[in-house]
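Whole structure, please, built from the sequences with the hints as guidance.
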Amino acid sequence: MEQSYAIEMLGITKRFPGIIANDNITLQVKRGEIHALLGENGAGKSTLMSVLFGLYQAEEGVIKKDGKEVKITNPNVANDLGIGMVHQHFKLVQCFTVLDNIILGVETTKNGFLQKKEARRKILELSDKYGLKVDPDAKIEDITVGMQQRTEILKMLYRENEVLIFDEPTAVLTPQEIKELMQIMKNLAKEGKSILFISHKLNEIMEVADRCSVLRRGKYIGTVNIADTNKEELSRMMVGRDVQLEIDKKEAKPGEVILDVQHMTVASKVHHNNAVKDVSFRVRAGEIVCIAGIDGNGQTELVYGLTGLEPVAGGNVTLCGKDITHASIRKTSQEMSHIPEDRQKHGLVLDYSLENNMVLQRYYTPEFVNKFGFLKKKNIREYAERLIEQFDVRSGQGPVTITRSMSGGNQQKAIIARELDKKPKLLVAVQPTRGLDVGAIEHIHRQLVEQRDQGRAVLLVSLELEEVLNVSDRILVMYEGEIVGELDPKKTTVEELGLYMAGAKRERVEA
Amino acid sequence: MKKRLTILKHEGVQSTLAALFCILVGLFIGFLVLLAINPSGAVEAILTIIKNFFNYPSAAAAKKYLGNTLVKTAPLLMCALSINFCYKVGLFNIGTAGQYVVGAGASLYAALALKLSWPVCVLFAIVAGGVWGAIVGFLKAYANVNEVISGIMLNWIGLYLVNMLLSGVKEQSSPYTTAISSVNGSALLPSLGLDKLFSNNKYVTVAIPLSVIIAILVWVVMNMTKFGYELKATGFNKAAAKYAGMNEKRNTVLTLMIGGAFAGLGAAFLYLTGYEQWATTQSSVPAMGFNGIAATFLGGLNPIGTIFSSYFIQHITSGGSYLDKGVYPSQISDLISAIIIYLCGFVLFFKYVLNRSLAVKKGGVKK
Chain A
1 MEQSYAIEML GITKRFPGII ANDNITLQVK RGEIHALLGE NGAGKSTLMS
51 VLFGLYQAEE GVIKKDGKEV KITNPNVAND LGIGMVHQHF KLVQCFTVLD
101 NIILGVETTK NGFLQKKEAR RKILELSDKY GLKVDPDAKI EDITVGMQQR
151 TEILKMLYRE NEVLIFDEPT AVLTPQEIKE LMQIMKNLAK EGKSILFISH
201 KLNEIMEVAD RCSVLRRGKY IGTVNIADTN KEELSRMMVG RDVQLEIDKK
251 EAKPGEVILD VQHMTVASKV HHNNAVKDVS FRVRAGEIVC IAGIDGNGQT
301 ELVYGLTGLE PVAGGNVTLC GKDITHASIR KTSQEMSHIP EDRQKHGLVL
351 DYSLENNMVL QRYYTPEFVN KFGFLKKKNI REYAERLIEQ FDVRSGQGPV
401 TITRSMSGGN QQKAIIAREL DKKPKLLVAV QPTRGLDVGA IEHIHRQLVE
451 QRDQGRAVLL VSLELEEVLN VSDRILVMYE GEIVGELDPK KTTVEELGLY
501 MAGAKRERVE A
Chain B
512 MKKRLTILKH EGVQSTLAAL FCILVGLFIG FLVLLAINPS GAVEAILTII
562 KNFFNYPSAA AAKKYLGNTL VKTAPLLMCA LSINFCYKVG LFNIGTAGQY
612 VVGAGASLYA ALALKLSWPV CVLFAIVAGG VWGAIVGFLK AYANVNEVIS
662 GIMLNWIGLY LVNMLLSGVK EQSSPYTTAI SSVNGSALLP SLGLDKLFSN
712 NKYVTVAIPL SVIIAILVWV VMNMTKFGYE LKATGFNKAA AKYAGMNEKR
762 NTVLTLMIGG AFAGLGAAFL YLTGYEQWAT TQSSVPAMGF NGIAATFLGG
812 LNPIGTIFSS YFIQHITSGG SYLDKGVYPS QISDLISAII IYLCGFVLFF
862 KYVLNRSLAV KKGGVKK
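Listed in order, the protein sequences are those of chains A and B. Counting from 1, position 332 in the first sequence corresponds to residue 332 in our numbering; the numbering is continuous, with no gaps. Each number in our numbering comes from the position in the second sequence (counting from 1) with 511 added on.
For the record, the hints were derived by calculation from the structure and aren't laboratory data. Predicted, not measured: the structure shown is a model, and the values here were computed from it. We treat Cβ as the ideally placed atom computed from N, Cα and C, and that holds for glycine. Accuracy of the hints is not assured; some may be wrong.
Reference excerpt, derived from the structure (chain A facing chain B, CB under 8 Å, subset only) [as the list claims (entries may be wrong)]:
#, residue
1, 247
2, 285
3, 309
4, 328
5, 330
6, 333
7, 345
8, 350
9, 351
10, 352
11, 353
12, 360
13, 363
14, 364
15, 369
Residues of chain A clear of chain B, computed beta-carbon distances all greater than 10 Å [stated by the list, open to error]:
#, residue
16, 20
17, 90
18, 112
19, 114
20, 250
21, 348
22, 377
23, 378
24, 389
25, 446
26, 495
Right, here's the structure in full:
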């Protein structure tokens, strides 16, 4: 049955200075199947795909296409072999039309003039066949992310690629779009295309994939038939231990109002409209309120306005009874902790040591500075060591490690350690688990709930539906800068949430 | 073996090695240029540059001219510290040259026209330089004007303002300002007996030890205080500094003001010794501020390293003046320092190569 494999990667080993990114990995994808590739961050998925796509050369191992050994020395070779990839961040020309983007690089010309008629016919045909709805004449900048992704898929099909790699394709989509994508992937597989689906979302893998290969720390763990497995087994294979997927939490006991936002408006930096329009809500002690929504609907600016990173254009923000609408960050940060969306931009001074980052908001307190303005380095060291220990922040050289050299997950842990140790009245956590693996996510979710149970108010901003439904006590959906719905996570469904997120449904929300 | 490798990993050691490497290559290329101009005297010429004051046969004369080199090192070091300090906060203070100019103008005006004593003259220089720097800072912080652009423009504004200001106190027959010693001796910096150490070189004053002390202070402030912690955080990552509640606008103004004050003080350190007089007709900004850039980078962006690099640059600049002007232009030493600046760009590259080869060796040991 050798022949039935479209792609085989046998015994692939790829080393980088200091680490083995892929250690003797085998991946066999059958023709016409959807094969999921599962693994934590840093497990070696991207390296393996880069080897397949010709971006890296493996030191050991062979790649076979349709049973024949091939040498993929650069991405052009991969293209010629019919291997195509939809990257996580689309590679589209914003001001070109869908059609132009699809034919870019493989244009048919006659006497130097483009022949678009034939291309249009072919694209419409493909679009019809696989249910890929696009408008060939729309510009990329005007269409939804979902349609951009379909454009990327059409690009691969137009080039008659046989093996399609999807790199975490659902991260940017609404639930409805995800459903559509799943259907499209199934259609493609039915037509004989082989699909490699890279993800760490277990639900999606369970729904769409035929088989799943798991990597852990650069090693090949195994391949399982999806029909014979379940989420628990997959996560165990991925993490190497049992993981609690659903978080246990007690009923919330909301207390007094900690954060009160009334008619807040925040200007946008990218366009002339306001990014946040007349938003009002409250967060009480002992509850987790989650702001859900698709990326770019004003959540970022909402948090900037709350925390003081950007000026508030209108309305009031009250924290623990004090008006903080225009207060300085130093003042508001006494009672508010902020796990920022962009950990490398706001959360950390990457060129500082870990210990210096641990005191980023406290270095000026008498604990760490004497009356002559000299830093108490011993206290800083001890404080950092305590947090590192308590929150299990892993790094090469402990407190003196330059933060830039740490892994993303541990950088995030460092921020969380610093912010939670402040024992704030209000915790604002923006996508605290972005890019982290299941084990770390579980840990962070538990800490959020713990904060809540200690009587703190938690405002969680998240794009991950599972997180929204799992962790929060109350959901506010943001769409185009407004809060369009308030939902109870116990009563709502992913579908209903999706309708609100896409702007298809809305209600009047009073704070 | 292992110990030697750990030493090589030390940041300071790497910077020093890299700087020495730049110097050697710089001198070598300078030598090639000398060869191209006139092959027969090239060896002698490069040695003349390197020898500087050792060209004098008697020890006393050599000491005296070492003194002269040091007199000019002090202002150079101050300019280098100005650039270094601002650079650590993420600001490229190319306006150091202009801040130096207004410092010179203010101190000379205070000494010659107002007939004030030296501490007040020094204060005038500090304030003038500080104000000149603060203007750049304000424009940067509150109007988002690039500090390089406003700095360069202020260099020229400063130059012509000072020329105008000082033309009232110049010698009648020349464009130079009157010698301080002939009008107001109290404005000259005290030497505290240091002149005796350098064969009675009267230009050797407290300026030299003071500049070294200030360099050390800069290091201490940057590495051990809350103020330094804030400034460096702002320099590394402005967004994070803002997130942490630091007042990054105020810090920007403050940094450029302090940098300007350093440059202004540097000018006082030169002109209040009487070593040089200001030419009120000069139409180019003095090179001191720009040489400070070279000294900063050659010094590995470390205030302590800057002490040595400033001396070295002044050393070859002074050495260049001993060349046979009929054969070689004295600018040859400028050329060498220019080459060294360019090579300083390779300092990072050099460190990278060193670290990589160390990493490979370490890996080898493990196996």
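Q | Unmet hints by their number, sorted upward, for this structure | A | 1, 2, 11, 21, 22
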